[in-house]
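Knowing the structure of chain E, use the given hints to seat chain Y on it.
Residues per chain, in single letters:
2 protein chains.
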Amino acid sequence: MTQPFNLERYLQTTGARINTALDRLIPAATTPPATIHKAMRYSLFAGGKRIRPVLTLAACEAVGGKPAAAMPLACAVECIHTYSLIHDDLPCMDDDDFRRGQPTNHKVFGEGIAVLAGDALLTEAFALAAGDVRYVKELASAAGSRGLIAGQVQDLENENRAATLQEVIATHRNKTGALITAAIRLGAMAGGATPAQLRRLTRYGDDLGLAFQIIDDVLDVTSTKEVMGKSVGADAKNQKSTFPKLLGVEKSRQMAAELIADAHRQLKSFGTRAAPLAAIADFFLTRQH
Amino acid sequence: MTQPFNLERYLQTTGARINTALDRLIPAATTPPATIHKAMRYSLFAGGKRIRPVLTLAACEAVGGKPAAAMPLACAVECIHTYSLIHDDLPCMDDDDFRRGQPTNHKVFGEGIAVLAGDALLTEAFALAAGDVRYVKELASAAGSRGLIAGQVQDLENENRAATLQEVIATHRNKTGALITAAIRLGAMAGGATPAQLRRLTRYGDDLGLAFQIIDDVLDVTSTKEVMGKSVGADAKNQKSTFPKLLGVEKSRQMAAELIADAHRQLKSFGTRAAPLAAIADFFLTRQH
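Protein sequence lines, in the order shown, are assigned to chains E and Y.
Convert by adding 6 to the 1-based position in the first sequence; the result is the number in my numbering.
Convert by adding 6 to the 1-based position in the second sequence; the result is the number in my numbering.
Heads up, some of the hints might be wrong.
The list cannot tell twin chains apart, which means a pair is met if one copy fits it or any two copies do.
[To be verified] Mimicking DSBU-like on lysine-lysine, the simulated pairs with C-alpha atoms at most 30 Å apart in a straight line are:
id, residue 1, residue 2
1, Lys-246, Lys-44
2, Lys-143, Lys-44
3, Lys-55, Lys-274
4, Lys-55, Lys-143
5, Lys-257, Lys-246
6, Lys-251, Lys-55
7, Lys-274, Lys-257
8, Lys-72, Lys-143
9, Lys-55, Lys-113
10, Lys-55, Lys-72
11, Lys-72, Lys-251
Think of the hints as simulated: they come from the structure by calculation, not from any bench.
In isolation and in its complexed conformation, chain E is listed as follows:
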């Protein structure tokens, strides 16, 4: 590309579009019972970077589809992501008081409502994906007991024990990777991807998802609460097996870099249409929070 792709502007514009769509698609805060809709919206609009729904729209674009076709799916993915954070932050799970610099859902609304707000966002995601049964199947598979939820179970079970590198990779492929890959696949499907395109973008997603978690682990060791907007050092506190603990910080960074290089290779045949996906891959590697 002669002109460098402006990712910051792309994330801003696309993020704003996603926020508008979410605001339109999720019941208003005044819809009875107001408590649940306020709680859902509190976490949904808590300043997330919308990386997953942006990936959905960018994947749709990469195969030549119109982003609008993928917007309900982008919102569905963000609902799943937000539900998983709300439940993950509960005292019986990771027990986090802060998320993105703000008190977590259960600190504001109480644990009962937080459980229900997560349940409601999960349910809403399937209403949003109900444009095609293929979307519903993809989302259920990524979010279910052999995807995202498997990762959360493995994460709970890896606490206070020495997990191997293979186990840590398996956990993160489920916990982070499954939804990131599904976000991309759903966008590609909505854009009319060929089987070969879908295969390449699936591998791009798998690379990205694992790299994301490696960098997350690295930042938990090297960053500060102020930069991250959430507690750091939690992994060490919970005696979790992480990539830096198993490989060291430098080798972890190197592994992430190799994954991102492979992700770029998967995008080659898409040409300039994949510029957003390429820029996001680089951003994953270099992000500071």
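Then chain Y, alone, in the frame of chain E:
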């Protein structure tokens, strides 16, 4: 009908078929991570009467459909019901230690796994309903923040305050009624119901759902732990507004009887094909646990 319908045998045969289907459709207890699949199956096979999935199959039959067509939907409905019980029993919700005479999910597997087992069953329900987008929409609407979850929120908010009869009815129409009506509608849809048939069965379901909750409240006052297989008197302990509290036991029973009479009127045009639905309506009124 000259020959009385044998409901006990129908429930036994149909219940056994549902158990077989659930066992086939839900991941085996050995599927990794085994913990989550054990926890899902623990509550799913805890001796529930399968009333909701039986209604799905019976509604399919009432409109002349083959029950097998509705089986995945019957299983989806039971997954939603079981997830809602697991989350409802959590310490941050109703805080129940026993359910159907057995320790609740979180007492056996811990709160973290119980939250995730509920999440996984909710997700699995949508995988099972993914035969048609109409099914997914119906299920999401019944289970979502303006259906089942709305009822649970209203239930939490009605604790320790004097709710009116109208509020209690609204709560139960959501908390119990929405899923019972959806169970019936899904079966009818899978059986190829006409719009008029669907309308009548929807009203049958609304009647049944409210009557079910009235009788539940009555039994919480008049029954014992031994008969119910769960703690009784919980409503009084939690200072909940219930039908017996607002209307007295006799008037509550009378209201339930009137609803069941209306339910029977909705079934008239279906003839003998609706014999199971008619018998279930009577069973709702006369059950002791």
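Handout entry: Hint numbers contradicted by this structure
Key = Hint 11 alone not satisfied by this model.
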